[in-house]
Every structure is written in C-alpha cells, then in structure tokens.
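2 protein chains.
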Amino acid sequence: MDIRPIGVFDSGMGGLTAMRQMTLLLPGEDIVYFGDTGRVPYGGRSAETIVRYARQDVAFLKSFDLKAIVIACGTVSATALDVLRKENDIPILGVVEPAAEAAVKTTKNFRIGVVGTKATIRTGAYEAAIKKRLPGAHFIARACPLLVPLVEEGRVSRGDCVTERVVEEYFAPVKAEGVDTVVLGCTHYPLLRDVIADYMGKDVTLIDTGEQAAYALAALLGRRNLLNDPERVGKRHYFASDSAADFAATAALFLGADIAACAERVDIEKIRIDTAAFATVKN
Amino acid sequence: MDIRPIGVFDSGMGGLTAMRQMTLLLPGEDIVYFGDTGRVPYGGRSAETIVRYARQDVAFLKSFDLKAIVIACGTVSATALDVLRKENDIPILGVVEPAAEAAVKTTKNFRIGVVGTKATIRTGAYEAAIKKRLPGAHFIARACPLLVPLVEEGRVSRGDCVTERVVEEYFAPVKAEGVDTVVLGCTHYPLLRDVIADYMGKDVTLIDTGEQAAYALAALLGRRNLLNDPERVGKRHYFASDSAADFAATAALFLGADIAACAERVDIEKIRIDTAAFATVKN
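Going down the list, the protein sequences come from chains A and B. For what it's worth, the numbering used here labels the leading residue of the first sequence as 1, then goes sequentially. For what it's worth, the numbering used here labels the leading residue of the second sequence as 1001, then goes sequentially.
For the record, the hints were derived by calculation from the structure and aren't laboratory data. Because the structure is a prediction, the values reported are computed rather than measured. Wrong hints could be hidden among the right ones.
Partner residues are not named here, just some residues of chain A that face chain B (Cβ under 8 Å, in silico) [as the list claims (entries may be wrong)]: (1) K86; (2) E87; (3) P145.
Label-pair restraints from in silico Cβ distances [to be verified]: (4) B:A1257 x A:K108: 49 to 55 Å; (5) B:K1202 x A:N109: 22 to 28 Å; (6) A:K108 x B:G1178: 54 to 60 Å; (7) B:G1178 x A:Y215: 43 to 49 Å.
Every residue gets a Cβ at the ideal spot worked out from N, C-alpha and C, and that includes glycine.
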C-alpha cells in the first residue's frame, strides 16, 4: 500500500475528463490536479514551448511527494512524454499509449482515425503507437484546432450550430475513410462526444483518452503494489495558474461537484527548473 | 527630434494591424514589437493575470530606451492601462480612447456598438470612454470569444462558413440595435473586416482600433516634439514569446513582408518586475 498522492496535469480544464474517471476507478486515492489555465491552450504552440511548460508543470507537481504522474493532456503526452520520463524518476503515464491500446483492441476493420490539436497531430505519436501494435492498420489523422476553444467556451451541446458545423468540417475526411474507431486524442474532446457521435454514427467507437489513461493508471498502481486503501475517501486538491474561482466555476461543469474549497492559484511561471537535475526550486 | 524607438505589444499577432498602420504613418520611426505568442490569447483570462502579463510585457519593452509605448491590444488596454501608466514614466497609449474618439466623431444616429474579448467587454472601458464624450449615446457591447481563435487560425476570408456563422451569431444583436458605428475593440478583428462588413452592411462604419491608435501616436509624438526624421527608413525589430520562426511566418500574412531576419524569441516569463514599487503577485 502506498498512501502518497497521484499528480495529474493538463493545459487547462480538459484533463478533468481523466480526473473524473480516476475518482470513479480509484476512489481511495489522493489526487493533486494542476490546470495551466493561465497559458491554455498548448495545442497551437511550438514543441519547444510545450516542453518548457510541461517541465514546469511536472516540477510544480513534484513539490508534493507523489507516487505517479498522469499527463492528462494529449498535446503534452504526444510532445513531451519521453523527455519528462527521462528527467524524472517516478512513473509518468501519458494518454497516447493507453488510447492506442484501446483503439487496436476495438477496431474490427483495422481503419482507425485520430483527432487532436495541431501540436499532437504534428508529432505523429498516435500513429506510431497504433502502428507499433497493428502495423497493417489504415490510419487517418486530423488536427482540430477550434475544438479546444469551443469546449473552453462551454459550446459542447447538440444543437449548437457553430460546434456542429466545425465538427462536421473536421470529421468529414475521417468519416470518408470508413474508420470504425476514432481516438479523441485530446482530453477536451470527450465533452463533445454527443456532437461527434451524432456525426460519425453509431457504428463508430470513440476512444476517450482520459478514460483509458485512468484504466492504465489503475493497472499500473495495482501491478506495482502502489494502491492506497480503496475503502477510504481520497482527498483531491486542485491548482490552476489563472484565477482559482474561475477554475472552480468551470470545473463544476466537468466534475458535477463544487470544488471551490479545494482550489488554489499557483504562479506556475515562478516554478524554477534546475536544468542540471530538474529539481524544483521554490522562490 | 527624438531618435529613440517606440515599443508596441500585444497578446499575439493582432497588434500587427496597428503596427502596419504605424509603419505607414510614421515611416521614419524605429519600432520594437513584442507579441506574447507563448501565452496568447489574453481575452479569456482573469484581470489579475492580464495585469501580471502586461507588466512583464512592458518591463521587457522598457529594456530598450523607448520614447513611448503603444498597447496594441484591446484586452490589455481595457484592463490594465491605468495601472501601467501609474507604474511607468513614459507615455503609454492604449487603443480604447482613440477608438472611442473616432466612434463619437463617426456616428450620426448616436447608436454605437462595441465588440471585443470577454475580458474587454467585462471592463466596460469602451462604454465609459464613449459616454464620457457622448453621454446620450445608445451603446451595445458584445463579447466575441471565438473570433481570436479564428483569426489565429487564419480563417478570415469571405466564404469560410464557420467564420461567417460565428460573425453572424455575435453581430446579430448589434445589428438589431440599429447602430451606424461599430468599434472593433480587439486588434485581431480588422483581419475579419470583410466578413463583418458584409454582414453589417455598407451603412455601418467599422472602427479599426489599431489604426486609430496609430493616428493617436502620430499626434502625440508631433505634439511633444518626439518625432524622428521622417525621411529616414525606420528599423523594426520583432520579439515573440513562442517560436520566432512561427511568428515570422504568420506575421508575413499581417504585414505583407518577410520579417524573419528581424524576429527573435524572448523568454517573457523570466522578465522580472520590480516589486519594490508595487505588488506584483498575490498569494
């Protein structure tokens, strides 16, 4: 048994889709969440900037004594996972591998689509992870840069004409390839599940990356004997780099719970990266 | 005559609409531009975060020996101008006052609309500036949070169905008020001028805030005898907080010129604010 908390981070609110699944699967675990709401979105930024931000995010989380970190962000998972693993000595899970695993188990016609931010699609990480498992898979990838702004605007419901139009535009070429499985390669996208599912039709399975990462985390903790007592009620603490009140207000929509009492602001830009050892130095 | 450069900054690329106008009006001036592309967009963030970022932006520009600063960003102008003026001893121009001045000179039916980011509209700065000049004006304000993402995506042309649909949604209530003048209260919006003008019709005048700020700057420099030799060819230098190459590539669209040779990256988060004079960061 390991009573240390788990660290989870995302560029903003999207990672809460993974967080929600973790709290269901692992009710006894303490979890510290960081959302970089002061610098969201990451998906249009350069790889260098994404790596720099991700290092600060991890350094902040490591100021807690953690047993594992989940990168609940498609962009960071695709761009910076290898770097972060090399630089840190605790288990770090991204969303790419678990989602690729789920996709190859799901597909029957070996035609798989992946949607994500520009940065994510640019890396080719999902394609590599899927082809490693299923070399003959037919693969189509599509960057969907307007979906994160739409989700952050709360425009996620059926009947929102703009959202429906944007989804149609991005998903039309994916649908045209006859895929039976689509990886929602950004943790924001499950909020758009209804609109996307309506467009893609009932024969296409949508893979929720946050959900799959939560399953992978549970498996990892079990395998390494790192689980906390499942009978206890885990504590959750939330940090955001912009206003904590704004974070809590939007988080309520994602989590269906009021978290204002356990949300704080953190000045992420002040988190120092020690480029020798990558240790956190507080100011 | 004053040979010192002018500093200009924006959350990202939008301020280049002002920059372009300045280079036309003031060809002899040296100008240093900073675009905070590593943290764009500002318009959805809290006032505290906008002020914090703006202080760093100004502190960076002041590492040059400037004669004036132009805040080529509606969000920062509306949120942080007073604070920045109090804390700095050089002339600082925002986009709100020049645009309000132009709007009251333009309107014939005293019905004025203002569109901007959420943060800008929340401040009421344009309304206050217009009503100070024209207390009886009928005023309608509208936040347009998806317009900056659309512009940053380059989706600015007539015939882009998503852009046209979003513009229609945001501008319908403005049009319904029978305005004859609309302030484009964000320096990104002039890129959408064609789509907006098509929707609003030819009887409505659109005020370009960046353009008006450039006129106000020229007037200020003239009044205070701060102009450089108008016969010389001014030097321009560009800084961005994300990749300089990405900045230069997009800037070419705004400026119609290749600026790659004079664009650099700056690590804006490392810029220190003198905390003796005022409190920077709460917590």
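Hint-by-hint comparison with the structure:
1. K86: With Cβ-Cβ at 22 Å, over 8 Å, it is violated.
2. E87: violated (19 Å)
3. P145: holds (6 Å)
4. B:A1257 x A:K108: 49 to 55 Å: Given range 49 to 55 Å: holds, Cβ gap about 53 Å.
5. B:K1202 x A:N109: 22 to 28 Å: The hinted range 22 to 28 Å is violated for K1202 of chain B and N109 of chain A, with Cβ atoms some 53 Å apart.
6. A:K108 x B:G1178: 54 to 60 Å: holds (58 Å)
7. B:G1178 x A:Y215: 43 to 49 Å: At roughly 57 Å between Cβ atoms, Y215 of chain A and G1178 of chain B fall outside 43 to 49 Å, so the hint is violated.
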